[in-house]
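A.B. asks: What follows is the residue order along each chain.
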Amino acid sequence: MTPLPLFGVFSGGRSSRLGFGMALFMMFAWPGSVQANYGNIPASTHIDPELVRIDEDKFLGVRISSDYILRDAGGESFTLGGLLGRPLLLVLSYYSCDGACPTINRNLRDSLAGVNRWEQGRDYRVLTLSFDPHDTPESLRMFMQHAGFGTQSPEGWSLALLNDPADIGRLTESLGYKFFWSPRDAMFLHPNVYILLSPEGRVTRYLYGASINSTDMELSITKAYGNEISPANAVNFLLAACYSYNYRDGKYSINYPLFIALGSLLLGISMITGGVLVMKKRKRREII
Amino acid sequence: MSIQARAGSMALMLLSLPLIPRPAQAVQVVPVPGQSRQWDVPPHVHFDELLHEVFWDITIIGVLMAMVAAYFLFAYRRRFPDEVGRLQKLSPQAALGWMIIPVALFMADDIYLFAKGWELHKQYREVPENAYEIRVTGAMWSWTYTYPNEVETYGELKVPAETPILLRMSSEDVVHSHFIQQYRVTEDLMPGRVTYMWFMPDKVGEYVVTCREYCGAGHSSMYGKVIVMAREEFDAWLESEAAAISASATVASAQQVVSPAADVSARDFGR
Amino acid sequence: MGQPKTWKEWVFTLDHKIIGIFYLAASLVSFLVAGTSAALMRIELGSLGPTLTEDAGVYNLWLTMHGAVMILGFQIPALLGFFANWVVPIMIGAKDMAFPRVNALSVWLLWSGILLALCNLIVPDSFNGMWTGYPPYSETDFAGNTALYSLIIIVLGISSVFGAVNLACTVMFMRARGIGWYQLNMTVWCVFTANIMQLIFVPVLAASVLLLSLDKYLGFGFYDPGQGGDVLLYQNLFWFYSHPAVYVVLLPFLGISFDIIATFARNHIFNYKVAVWATLAFIPVSSDVWVHHAFVAGLPNWLRTMQTFTTLMISLPFGLLMLSMVMTLYKGSIEYRTPMHWIVGMFFMLIIGATTGIPNALSAIDYGISDSYVIMSHFHYVMAISGAMAIFGGIYYYFPKLTGRMYSEAMGKISAWLFFIGMNVVMGPLYFIGIEGMPRRYYDYQMFPQFESMHALATVGVAITTIGVLIMLYSWLHGMFRGEKATANPWQSQSLEFTHTDVIPGPGNFPTPPVMPEGWSPYSYDKTGAKGGSEARR
Chain C
195 MTPLPLFGVF SGGRSSRLGF GMALFMMFAW PGSVQANYGN IPASTHIDPE
245 LVRIDEDKFL GVRISSDYIL RDAGGESFTL GGLLGRPLLL VLSYYSCDGA
295 CPTINRNLRD SLAGVNRWEQ GRDYRVLTLS FDPHDTPESL RMFMQHAGFG
345 TQSPEGWSLA LLNDPADIGR LTESLGYKFF WSPRDAMFLH PNVYILLSPE
395 GRVTRYLYGA SINSTDMELS ITKAYGNEIS PANAVNFLLA ACYSYNYRDG
445 KYSINYPLFI ALGSLLLGIS MITGGVLVMK KRKRREII
Chain A
6 MSIQARAGSM ALMLLSLPLI PRPAQAVQVV PVPGQSRQWD VPPHVHFDEL
56 LHEVFWDITI IGVLMAMVAA YFLFAYRRRF PDEVGRLQKL SPQAALGWMI
106 IPVALFMADD IYLFAKGWEL HKQYREVPEN AYEIRVTGAM WSWTYTYPNE
156 VETYGELKVP AETPILLRMS SEDVVHSHFI QQYRVTEDLM PGRVTYMWFM
206 PDKVGEYVVT CREYCGAGHS SMYGKVIVMA REEFDAWLES EAAAISASAT
256 VASAQQVVSP AADVSARDFG R
Chain U
437 MGQPKTWKEW VFTLDHKIIG IFYLAASLVS FLVAGTSAAL MRIELGSLGP
487 TLTEDAGVYN LWLTMHGAVM ILGFQIPALL GFFANWVVPI MIGAKDMAFP
537 RVNALSVWLL WSGILLALCN LIVPDSFNGM WTGYPPYSET DFAGNTALYS
587 LIIIVLGISS VFGAVNLACT VMFMRARGIG WYQLNMTVWC VFTANIMQLI
637 FVPVLAASVL LLSLDKYLGF GFYDPGQGGD VLLYQNLFWF YSHPAVYVVL
687 LPFLGISFDI IATFARNHIF NYKVAVWATL AFIPVSSDVW VHHAFVAGLP
737 NWLRTMQTFT TLMISLPFGL LMLSMVMTLY KGSIEYRTPM HWIVGMFFML
787 IIGATTGIPN ALSAIDYGIS DSYVIMSHFH YVMAISGAMA IFGGIYYYFP
837 KLTGRMYSEA MGKISAWLFF IGMNVVMGPL YFIGIEGMPR RYYDYQMFPQ
887 FESMHALATV GVAITTIGVL IMLYSWLHGM FRGEKATANP WQSQSLEFTH
937 TDVIPGPGNF PTPPVMPEGW SPYSYDKTGA KGGSEARR
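Residue numbers (my numbering), protein chains in the order written: chain C, 195 to 482; chain A, 6 to 276; chain U, 437 to 974.
Everything labelled a hint here was simulated from the structure, so no lab data went into it. Being a predicted model, the structure only gives us computed values, none of them experimental. There is no bait here: all hints are sound.
Think about it this way: if two alpha-carbon atoms lie no more than 27 Å apart in a straight line, the pair counts; the simulated DSSO-like pairs of lysine-lysine are:
{"hint": "1", "chain 1": "A", "residue 1": "LYS163", "chain 2": "C", "residue 2": "LYS252"}
{"hint": "2", "chain 1": "A", "residue 1": "LYS230", "chain 2": "C", "residue 2": "LYS252"}
{"hint": "3", "chain 1": "U", "residue 1": "LYS767", "chain 2": "A", "residue 2": "LYS94"}
{"hint": "4", "chain 1": "C", "residue 1": "LYS474", "chain 2": "U", "residue 2": "LYS531"}
{"hint": "5", "chain 1": "U", "residue 1": "LYS849", "chain 2": "U", "residue 2": "LYS921"}
So that you can see chain C by itself, here it is in the shape it has in the complex:
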């Protein structure tokens, strides 16, 4: 799993099964056979991490209802629907967590800092939401300290609680998000996942936290715009077209066939150029 230096996009390693063919694709950095890391299951337990894996086939494209009422650290309430209208990055955490949750929020902040194409707040929003009914605005403030946000959440990033704890089940079930309290570890076991919602509130992508970098974030936000991307904003369009999501690795990878097809298009055109050049040479020789 050595990251290839050619493109920062991948942390792909080289798969050994295609010794010779590999050389051909080195320039594109072949995506490695990294398995996505699905949850924060400590090595000490004997729980299969697959247990918290989201059944993506079933939940991609699901539309979440926008009527949830949320409360932020200051106790002010707002609706989830108010955050939509542009892509929303949803992170589910619990605020008494001292392990993975602050980390994934911090990591998210770091990787979003590297997203230059989209501006947080203007082009997309982030929402951290607790799934622990025991959480309160106090525990949220503690959590913000803990995660390094200080007292003020970043621009375009809301950290909040569900106003009605009964909504927790409704929301997580509609997203296919599973979590359990493990008394032995004295912690919640849950998937480390960032959920991308389209401007209409439909799930467009689940990104598993461990190995997500800025480029993945940028691409997933771009693709969350979905139908709104058009050739009019050509760069975004091309960017979205050149990458496709890799379910095995949980990351985006280059859409190779596109480039191979482009190459062959050039091949055809260069053949006609070659033919014309040969004929020109021949004609000149005949004249001399």
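Got chain C sorted already, so can you dock chains A and U onto it with the hints?
C.D. replies: Showing chains A and U alone in chain C's frame:
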């Protein structure tokens, strides 16, 4: 002259270069929210109206062209062996006119049809806000319909009448295509992507569903039906199905992980 | 007359005319194979339930063979192989193609491809993924031997790319003195344009099909979403070639039809320069319309809207060509010989095919008729039947130049009208049950028993067509051996291949290299009258 022509053809070739495959498939497809526009008729009725109109359009074009050709073929038969055609050479102005006027006519018809088609396209693709969402999974060679309360049916899509139905579709194996004959709507299902279609079941009845994308030996036996029921009947059916499921699932659910099961001990689901 | 004597001379010939005949032979063999599989399919569908076979897989094999062999084995080799090789160099006054060795390579690659395609009938795991070969189906074991499919497409692809380079260079550089760009036959323009399109688009097809096999056998996952691939990308790449491929077939047969009409109406092409530019306009226009093959494939809505519009724009150049074709008859002096009968049939078929294309261009209409018999019927009218009628008309047209003898006019005309009527009886009923919902590529239609009578009618149509084709083949065989001797210019055409060659053009094509006078045109009937014929050599 020939240099100009050569330059012209080269320019045309160059112009076609930027038209590389538009790989817009990479863009994630998600349903567009219904807009405020209300349609008087459901899409399949609108479809029949448009199809009818387009058929008139093409029949007129085709019959006109065929009649002109048939007249020429008849009127200008060779009368004596050495006769030659007497078609006048066009002046440059006339040649231009014979290009611009037909192009303008075709263009006008194209734009008219495009506008008509776009209207219906929008109706097909803009899902009403109050649509009832059902998940469709295609597999070789059957359809599975999953209702919001996890009730599943196979090959039979039961829907309430007078309610827009949104189908959110994906495939487990190869590309399939879900076609409902009555509602004139088709959309492909494929692995790794989510597609959608919606339709308005306006009358109670049973209608044919078939697969419309070649998917192997069982392609032609991959058919089922849409059963449109009265709203009350549908609700009763769905409830009884759900009750049957929960009855049979109570035993299993003790071991099953149900979220949010806040206090389940780790060993209960350890393997 | 300089025909090769020994088998070695035949096999290693570099003469474009002999190579053209090899192409013709290949395409006729393909036509018979693919036509037989069509007849088998129609008999199978003639009644509900299993008729000829109980195994849907066998039916799917026939269907795959019919599509792939008709397009890649019959139409493209006949048009871009036979007509492009045999006719075009003579029309422009060249003594051979620009690269005769490359030409020989292309034809033998074509034959290898066709033999490989015939192998698909024999191998135990024959490929049944249709000529489109969509993944993921074609990457599953159900689809059979995907490697064979990739290999066939790639071999045929290389063959046509070589052929295309060759022909483009021939037209650009080998024209006789006095023949400028605007003095070329429409056939030359159309074949030239089609070959430029082949050059641009075929490599894309070959590459995308190669990736199928890499996926299936080496586990690359180019089209596997599980490994970061995309299922839909193949459909886009495939149709990026295969829609232009329709024009690769359409344009050459329109070109031949133009020439036949001009010859038999003794007229020049109406609005020639506009027709030429309309032909060239197909290159850019056709490169941006492929999404109409995937209107229901889950592509973004704006793309469907955009490509609905670009697809409708095809009607502009196409309409201009049709207009030129009709108006070439105006004030003509039309003689009804067999080739003209075929072309008149072709013209009416083309009108049906073209107009039924308009509803298909609208994405909204496509939601109701996608992948139904409407589509099937439309492309048979616009490409398969019209194309075949123009090809057969063209073969009759050049029959005297190929064999030195005449065919029987009566048999030729009867076969043309049997073919015309037969194909209408096949495709007409199928169009209407298509609107009612009959899907394509179905081995059986248990869910639509009400369509049985129409299916049965279509099967009767195939019988009529078959009789027509058999009469046509017999008239060729009869003419080849028993026909009366032909003259060098039986139609009193003004085109070079008739006016300046022997009855059967020998090596080098022209007894003396032609130098055309100022203002010469292959359509200048009004100046010289019908006397052009008397100058021809006997």
